[in-house]
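*Asks:* Residue strings, one per chain:
There are 2 protein chains.
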Amino acid sequence: MSAKVDEFTVVGKAVKRIEGDRKVTGAMRYVDDLSLPGMLSGRLVTSIYAHAEIVSIDASAALQVPGVIAVYTGKDVHPSGPEPDNRTGHMLARDKVIYYGQAVAVVLGVNEAAAAEGAALVEVEYRQLPAVVDPLEAMKPDAPVIRKKANAGVWADGADHGAVVAGDDIDISRLPDNITNAVRFTRGDIEAGFAEADAIVERTYTTHWVHQSYIETHGSLAAPDALGNLTIYTTTQGQFGARNGTAGVLGIPQNKIKLVGMEVGGGFGGKGIMLEPLAGWCALRHNAPVKIIMTRSEELSMGNPAPGSVIDIKIGAKADGTITAIQSRMVFDSGCYPGTPVGIAAMMAGGYYKTPNLSLLGYEVLTNKPGNGAYRAPGAPQATFAIEQAVDELAGKLGIDPVAFRLHNCSVEGDPQPTGAPWPRIGLKEILETIKEHPLWKNRHEHGKAVGVAIGGWPGGVEPCAANIRVNTDGSMLLTLGSTDITGTNTVMAMIAAEVFGMPLEKVKVQTGDTDTAPYAGFSGGSKVTYTVGPAVQRAAEDARQQVMAIAASELEASPDDLEIVDGVCRVKGAPDREISIAAIAQKSMTFGGKYEPVYGIGKSAVTDRAPGFSGQIAAVSVDEDTGQVKIEQYVTVQDVGRQLNPAMVEGQVIGGTAQAIGWGLWESMHYADDGQLITSTLMDYNVPKSEQIPPIETVILEIPAPAGPFGAKGIGEPPIIPGAAAIANAVAAATGKRVTAMPLTAERVSNALHNGQG
Amino acid sequence: MSAKVDEFTVVGKAVKRIEGDRKVTGAMRYVDDLSLPGMLSGRLVTSIYAHAEIVSIDASAALQVPGVIAVYTGKDVHPSGPEPDNRTGHMLARDKVIYYGQAVAVVLGVNEAAAAEGAALVEVEYRQLPAVVDPLEAMKPDAPVIRKKANAGVWADGADHGAVVAGDDIDISRLPDNITNAVRFTRGDIEAGFAEADAIVERTYTTHWVHQSYIETHGSLAAPDALGNLTIYTTTQGQFGARNGTAGVLGIPQNKIKLVGMEVGGGFGGKGIMLEPLAGWCALRHNAPVKIIMTRSEELSMGNPAPGSVIDIKIGAKADGTITAIQSRMVFDSGCYPGTPVGIAAMMAGGYYKTPNLSLLGYEVLTNKPGNGAYRAPGAPQATFAIEQAVDELAGKLGIDPVAFRLHNCSVEGDPQPTGAPWPRIGLKEILETIKEHPLWKNRHEHGKAVGVAIGGWPGGVEPCAANIRVNTDGSMLLTLGSTDITGTNTVMAMIAAEVFGMPLEKVKVQTGDTDTAPYAGFSGGSKVTYTVGPAVQRAAEDARQQVMAIAASELEASPDDLEIVDGVCRVKGAPDREISIAAIAQKSMTFGGKYEPVYGIGKSAVTDRAPGFSGQIAAVSVDEDTGQVKIEQYVTVQDVGRQLNPAMVEGQVIGGTAQAIGWGLWESMHYADDGQLITSTLMDYNVPKSEQIPPIETVILEIPAPAGPFGAKGIGEPPIIPGAAAIANAVAAATGKRVTAMPLTAERVSNALHNGQG
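Going line by line, the protein sequences match chains B and D.
Going by the working numbering, the first sequence opens with residue -13, and the numbers climb by one from there.
Going by the working numbering, the second sequence opens with residue -13, and the numbers climb by one from there.
Wrong hints could be hidden among the right ones.
Claimed, not checked - Simulated crosslink set (DSSO-like; lysine-lysine; CA at most 30 Å straight-line):
(1) K493(D) to K242(B)
(2) K(-1)(D) to K242(B)
(3) K242(B) to K574(D)
(4) K581(B) to K242(D)
(5) K383(D) to K300(D)
(6) K493(D) to K428(D)
(7) K2(B) to K242(D)
Since the hints were made in silico from the structure, they are not lab data.
Bear in mind that the values here come from a model prediction, so they are computed numbers and not experimental data.
Just chain B, same shape as in the assembly (with noise of 0.2 Å):
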């Protein structure tokens, strides 16, 4: 599809988003704004410890509490067996606890008030044992074992983190029990490699538990009927995965749960499955509906953050800037549940740069730590800030401009990714062709800012779907879908639809259905929405508008290859008097005695050709030499969209993802006591960036179309969180001579760096 953009109605226009006027008028409703007749809610007590045996729970003086109900335990909701090893499934802590701040019990009060009142009186007694914080020495034989290995393999939920990789297989049962998971990635001969190069870089870097901090925290409400069935009200980037999740773990057919996916207050990968199981577990118990909503604090010490990592590099390159040999161990703080995107990572770091010697190796470790989740671009903007970082410096020690150095070894279509296949398309030489031309860059030295520049990617993700139309009597249609619409994506499918169709915008009505009513579509994630559910809305759309021309063509007797469709209308091409409404259409075909069926467009996808979606970021900032403190002075995004459907809401997605890498590479982290114990547990402590905070950000817009894409379109959610810390952390080191190779580039850690000479 290589049509331009005016070859379009309404594809390509900034089209204000249909559910914005809600939003901004405060009229969506959200989990926590739902109240059922009978409505019970939830309240949690946590654990205080990182790790320690459970030796008792005495809830007497909560039940105490004028209003609260019950108070349920993990003897209650885990009755037996081993605890289970997965966050899904592990609704309450029963032996011991594994993490500061796991749930271990479940209050249940007729207000929240009540259930919180009740909470704070649960008196646990636990045994502490020793906590294992610091991944690198969870790996160590003689490490406190968060959990034996005996699943190893097993692991029920491992996060696939919107993208999967696969390299050579380790056989992990022969490594510490802490030792969940661990990837190998090798080509060519790496010490030949680093014996053939001229300069070389090695060192490692250090990234920290990073926080979704979307504004809604996790809530669920759980309804029950009379006969066991479940709907489930939540907030959740997957309605299908969290049902069958839900249904899995209390053992019930997905048949019985109806998830209804409500509007999502901000994921960002964070929100799958959380709260669902608990709530439905306790509706059931009751046989009442149950509201449980997750605190800030909660949130943040029970949610599932980024993960941590610890990522050595080694890199070589000839004198005349060819690189030899790229060599990385990375180890990926699981925290307590295995799963983390630490192959991604070793995808990116090895996958940006062509070179004849590679080896990869990257492990996941469990650690006293909430379990690790999905966060936008999973494990990219960890390895990225590594590799990215260790390239500039490379280029530095050559004396090569580090763009040059970049385009000269930037990875392009048919080089080889570290599983081997092979790069599609992708717009990674563009992005830096773009970047040596802006202004920014090219007369750095001219305005004499300091200016660091980095680049990122992301595989794409894919996954099947479908989607379908109707058509109404009064010539309007509806597309009903099942991917939840966090970023505007159903704005977009609406507009599709209409182009394809050749319907008026305005006239399409477009909604997620729940579990029971819609197509089945996956988490939207992975910057797979628009990639993937936006080609089956093309074909839907193009099924109805065959089927809508079948009817007219038998109408007006016509063929319907002479037939077009303009403004609602159906009409013979050049014969304009020769015309049939679409409403007039729909009505043949849904009435008593109709001989139409009825106009139901189906389209499915199942895309398989990924789409990686690459950007490149200029930061410009200054240091305050006494503090350390970092300001951004200026800050250009550069990003391949493959084309851009609404380019209001392409550059709102580039300009929220550039807002979220400089949060990573400034200020956020989770801080955790060598206990293990949240520091950072209330949005006083953990430093989310504020919007005084975040510069003016320019985006230049590349459209390198994706083969499989809508009208050439790729994800582009992805893509801006990735190279901001290291674009950041190399304009540090150009305005400071100084590397800091921990994230976030904190005032303390740059002052370090500036009077300590390490960062």
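Chain B is fixed; fit chain D onto it per the hints.
*Replies:* Chain D in isolation, oriented as in the chain B frame:
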């Protein structure tokens, strides 16, 4: 599909209704069980005159009632233009009332008690006008005119009554204003036909208005959102029609209304659209949820019952029993809005029996009564009461056994209907043969009972529709329909899907979606749900099965033709170790990175071949010579159902319809005073049969397959209500030698016939 029942796994079994548990345990929620935050209750103010100008409406006292929020009148809802000429659009009377009980105002209160108290205090000043109640009087040129015929031919919602007929054109603009429709069917030379006859019967038969008397009265709850969208929870047999009608009346796009068809507490044709527009108007006006539930008296006075009729029949036959001519003039009382089933009545009266000479003329006439509506087999019981008594009497005059007489003349496949179109294969002859051999009839002279027989038929309804099927990753199935389940149709649809797909019935969940999410289906009426939605479900299940087979074939590296589905597992025939479960197939089609499209089976149907259904009934009665009280001693109902998909439900439908037929025959009629006031305005006055009044009913089911029906099934809802009143009247004639030509055969009428010679 001529397979025998025992070839099937599910179809043909007496399966329990899937929603039965919820109904018998009281767990089912109906509209009036719903409550929403901030909800207002509406109560109507209704007219005490059948025909009057509205001089003024004083709401001041009502507005003083604590909790009363507002009072709206016809001037608010119909601010300009002529008053609407159809029941749907005529939310409140404005300038004049045209039937007793018509709504003139609605009072909104914070609860129902406040609204009711307010409604009682609204002062309406009327100027009474002469009312016309008798349709024969209403036809006269000098009769009071309900409404000028300026709009003739453009009636917005003349009910289709579940069947469509077309006869000769009659220019009704030349007829008096109150005549709003006329149909004519002619064949041969009617006068010559009577000249040939050796015996003639000529009588006038009268039927009165009959109310559907569902347990649940009409009710709607409309909830607005901040953007002017409405969700309407309502009791309707056809949610798409109700939504579209409401959108039309309110002048808003169909996409702005989500209509949720709630469980229906009985409909029998009477629940199409009623309070939805008014509740919706109030909800939008107040920006609050508004619920209006009709009282029983309102239901009786302003519902839409079956119309009364006056039917002249003249029928002649030769001495050998061959009918030579049938002539009829049928006048249907339309009430104050046009749209009666007079055409269907003519089709039946002139269609059951062969005759070379036919002359049918039907009129519908406005009177000052509520608009008439559909009631199970609209028009057919009235016509059958007439023709089946006339035929019976004629047989008697000729000294021919009445069943033999009917067998001699009954229409069979290929014989012309009044329209000239040939009857398809029908079971009328087989029903008569069954009756002929039934002991109650065959031995009637031996056991000395007074036995009467009648037959009746229904043309069968059709309407396009669609269905969809998904599979879940636990191997279960979800079937989504647009058709409202009143009689257990969803249970049958689940059975069809299970049978066709090869899925255990307990793994099939079936649901009716709302208008936003459901595939299209029309009004659940006209005996068309099983007949038309069934094939859509068959196709959806076949489609889903094929998709599953294709994935299995790819995974098992086999041809789809070599596969079979057994117990939820797809396997290679003859190689039982090569298998994959439906659950695994579902998982492969709905997973990150999956290469198969999600299983999503779609079925559509646009059946145009009708499958007329016939019933024959044998009534044995005793008559109290003093009081005229008729007692049913024994009752047999014979019906051709095409194929019994669920024998328990078939029997329930047949017995239920027969019970209503007995109600029509013996007790039920709405009485209007000469000034149009409804006398039978409560269930103390309107005589619905109580369960102890209905005798045990023996059912005899015939199965003559319908080619287009699912597994040969025909619609079964309408036929059993049709011949009952005539069978009872014929039995009374057998018992007393007197013909009672007015329905119902109350003790008063039978006594009159016995003692005064005229019933």
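*Asks:* Failing hints, ascending?
*Replies:* Number 6 - this is the single hint that the structure violates.
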